Each structure stands twice: as C-alpha cells, then as structure tokens.
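**Student:** Okay, here's what each chain looks like letter by letter:
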Amino acid sequence: MLIDRHRLIVCVGTGGVGKTTVAASLAIAAAARGRRAVVLTIDPARALARALGLDGLAPEGQEIRTSRGAFTAAMLDTKRSWDAFVRRHAPSAAIARALDANPFYQRLSTSFAGATEYMAIEEVCRFAEDGRHDLIVLDTPPAAHALDFVRAPEKIDRLLASRLGGALAIPRFLARRLERATGARTLHDIATFFEAAGALAEVALVRARRARALLHQGGAAFVLIAAPRQLVLDETLALADRMRALDAPLAAVVVNRVHAAPPDSAALDGEPDTPAVRWLRDALANARVDAAADADVIARFRRALGPGTELVTIAEAAHDLHAVRDLETLAETFAGHA
Amino acid sequence: MHGLHFVTGKGGVGTSTIAAAIAITAAARGARTLAIELGQPGGLSRMLRGHAAITIDCYEGAAALAEYLARKVRLGRLVRAVTQHPLYDAFVGAAPGLRELMAIGKIRDAFVLQDRWDVVVVDAGASGHALEHLRMPAAAEDAFDGGRVHREAAVNAALLRDRARVAIHVVATPEEMPLREAAQTIGALRALDLATGALFANQCAVPPPPGVDDAIARISDPLVAAPLRAARSWAWIQEEGLAAVERELGVIAVRLPKIRGADPARALAPIVAEAVC
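Chain order of the listed sequences is A and B. Everything in the first sequence is counted per the working numbering, starting at 1 for the first residue and increasing by one. Everything in the second sequence is counted per the working numbering, starting at 339 for the first residue and increasing by one.
Mixed in with the good hints, there may be bad ones.
[To be verified] Reference listing, derived: stretches of chain B covered by chain A, where coverage requires no fewer than 3 residues with Cβ under 8 Å from a Cβ of chain A:
#, segment
1, 342-355
2, 527-535
3, 547-553
4, 563-570
[Unchecked claim] Here are some chain B residues pointing at chain A (derived, C-beta under 8 Å):
#, residue
5, G380
6, E405
7, V544
8, R598
Keep in mind the hints are simulated off the structure, nothing from the lab. Keep in mind it's a predicted model, so treat the numbers as computed, not measured. All C-beta atoms, glycine included, are put in the ideal place defined by N, C-alpha and C.
Isolated chain A, as found in the complex (with noise of 0.2 Å):
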C-alpha cells in the first residue's frame, strides 16, 4: 500500500514522535523491495543524520548501505540551495553575481523564517527530475510548520503570479510610508533584489506549480506520525482534519513508540526485598500503566480516525535509534504494508 505505489512520500506530525526515524524507515524499507529511494529532511534540528549515526548529511545526498540494499540520504542547506539555485537558473552570469552581493539576499537565504519551506520545494523538484530516484520520502518539520510546506507552493504561486501582473508597482504615498519605516537603503536593496530576482520569478513560478502538481496528483501520499499520548492525538486528528482542507491524501497513520505491556510485579515475589528489587518492582509497575494508558490512547484513536485509515503501530525500543541497523528493524514493520 504505501511503499510500492508511491513516487512522494510526505511524512507529517507533531513533534517528538519520531517522524525522520519513520521517514528514514520506510526509505529503508522501499530499498529492500528494490526502490530507489531518497529521504530528504527539511527538519531544522538535523535530526535524519544523527538517526543515521552520521556527524551531518550533504544537501545533495549521500549513499547510506543497507543490509538488504542502498537508499540516498540528503538534508536541505539552506543557503546552499538558494546558491545553486541562483547558479541554475540565472540568465546570466551577472545577475547571479548581483543577487549573491545584495544585503537582502545574504540575509534571506540564511537568517530569515520560512526560506527553509522554499528551497525544499526546489530540492523535491530536482530529487523528481534526477532520474536516479523513483521514490522522493520527505521528512517535514515538526508541529505548526508541519504544513507549511504543503501550502508554499500556492504561497510562491501567488506572490509571484500577482507580481508578474504587476501589482507589485507600489503606490508612491505607500513607497514614502515603507521608507521611512524599512530605511532608504534597506528599501534600495529590496528593491534591486527584486529587479535582480525577476529575471529567476518565473523559473520559481513554474517549480512552485510543479511541487504542487507533485504534491496533489496520484503519485503522493502523506502518513501522519503520532505518539500514542492523548495530547498527541488531539493535535494529529486536527492536523489530519488540515490536511483533508488542502486536499493532501492521508495513506497511512503510524502510532510510534507504543509501549508493550509486560508481566506485573508479581513475578518478583520470591525476590529478597532490597532496594534494587523495589526499583524494579516499580519499573514493571511502571511499565504496565505505560502500556495500558498507550492501548486505551490507540484505540480512542482508531475510533476517531474511523475505518477507512490504515493504522500502523511501532513497538518502543528497548533503546535510542542511532544506527542504520536500529533503524532496519523499524523498516521490517513496514514490509507488511508495502
């Protein structure tokens, strides 16, 4: 169901749930069916290449060995990928070097909020158009921002159709107002940016439109990750409830990090009464009260769902996911929903 028929895989949820060891998961699992996968993670906090039990991940993707195949890691640079996409697709050599030299620019493409959404959009493109992959698993930010992504091709679709037809000419009297309150050079810089970055609007145009072609027709698929904490769940069915007002095909729901119920303290009454008896007499005690909350969690979860969602549960691991090998196990509760 999920990893045979997709081309682009869009992992979505709250945080802490674990969606780049899931979206690195199903990458996994994809290669031991033989797909050419990559996962890309726009995820700030770098947290795909520390799952990988690697220091850091090249924008361009990097080759990560499996024991059952191979898949292509990459993580999104963002100011790496404004740079090349200025490279790519300036029309000439000078208004490259324009953009690379205006304040507004430097300043966008590293500190600003939101650059990172745009230039993800440019790296599932390019991911699409490579021809090395025929299975793009994107691993989003987590929380409010998680579908920000979804929505910033019509964002860049708007911004920029509406400049292209020329509303952008400012009234003078609002010009004066900007000025005095961006300062004359700031406004100076946006404005020769925006002269400078015209010249690349309808390249942007036309990726914007085509990452929500990917992202709407057939070919996508998005799986909501959750925990299985009530929290969690309120704010998952309401991402889910989001995601059907964009029109973003929910595949698959995966509850990560369930607890397994284990046998209660009973088991220990033939041990002597120490305190490490008693630590342990309290983690079994523990444990059971962890599962029985997870399972009641689960199934108000399944009910509100309704039947027509597939839902995925993960065991809790017996320790942290920080090697490929960790991961692979997550991978072969996959195979079963292939």
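Using the hints provided, position chain B relative to the given structure of chain A.
**Tutor:** Quick look at chain B alone, frame taken from chain A:
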C-alpha cells in the same frame, strides 16, 4: 515573581507542560499572568483551560502584523485598503521572517508597553520554530539599516538579551536526541547572546540503585527480564545523557519526574517554580 519566560525544546518533550507549570505558579502567587502560544492554539490552551486566574492568548504572525500596521505605521483608515490588497495578502503569506518578527514585537508590547502583566509565559514550541522567532529581531536589526523596522527590531533584540527581565528555558526528555537538541539550542541561544534560562530534564525516571543489574541477572523468566532490561537501559541512557550535557554546557539540569497522573503541569509546578524564581 516578574518576568518574561519563553519555553522551548525538541517537539514532544513537554514545553507546554513546563510553560503551564510556570503560569500556574505565577498565578498562585498573585502575579497577573498571561500565557501565550506561538502559532495555532494547542497544548498550552488545553492545559490551562479552567484556570480562571490565567489569561491565555495565541499569537499568530499575520494577525500581529495587521495589528502592528494599524497602530504603529499609523496607516489609520488606509489600513483596511492595505491589508485587503491582494499583494499584501500574498506578501505577508510569503515574506520570510516578517510574521516571526511581528509575533515577538507583540509579545514585547504585552510585556513592556501595556502595564497589565507581571508574568508573561510563552510556549515557543519546537526549538527550530522557536529559534526562528528568537533570532528574527537581531536579523532584522541587521537587515534594515534604519527607519522604524530597524528601531523596532533593535528594541526587541535588546529585550531578548536582557537577563534581568527575560529567561529562555530549554526542555528535554532524558534521551539522547532530545538532550543533544537541547544542548544545540542552548549553544545557539548563547551564540546570539540571548537570555538563556534553565535546562529542564522532563519525565525522568528514578535513578537505579546499585545492584539492579545483578537482580535482573537472577530473573529466569525472559518475559519478565526483557522489559526490566529495557527499563534499566533507558535509565542508563538518562544518567549518561544528563551527565554529558551538564558537562558540555556547564549547567545543572532541573530534573522533573515522569508524572503518570492527569495534570502533570500542576504536579510539577512546585519544582519548576523553584528553578525559575
């Protein structure tokens, strides 16, 4: 008790719980308390619902920007014409950083300019998202060479550096990745010279006493031994991880126990209060 508190951390570690605990303590001590969520209403609103003494608000960038234009740029009657212009809509939706800048500006407004609140608590959410907000004033101060936006950005940046009035707390659960993310966040806050507050280690287990490994080794039933080995392994990860992060940062983490009951924010409030006051 007086101040502006931001709370951030890797997603899912309990930033809303800690923010709620600070707000509950502040209100209980008689402080006029405002609790703010950045973005969509979520965990914090849910946790504080029913606490009559706490005002809850949700700051969303686009709305904050419209408000700002109306009050500060004094567009007056023009504000409607401007905000309903299709270009404005497209620009505010698409312009990087503007919404984040305005959200921080609005927080400063609530805390400094209106004399209504003694304590303002902001659930800034996941660290990536929070850092985008917290670094925006300095970025905009740099990017705009003069004029109103530059001045606004400069006062906001100065406030976020003011340790006497502001504390940015970082939360982690005692696991490798959340702790590493917390260390990186605190590193980033220090590099920006922002007012870093406490490091909270949420959902800690009781450290295992000596002899636990031997006790597990004596258990013959693998169905009992396996979950105990997992519990022991997580406790070990907790102790190692906390020690490493404390060494690296030169701070002592505030340990908060895992609460399995219904209202963790209220249960944790006394410990959190001691750390932030």
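**Student:** Hint by hint, which ones does the structure fall short of?
**Tutor:** 2 and 6
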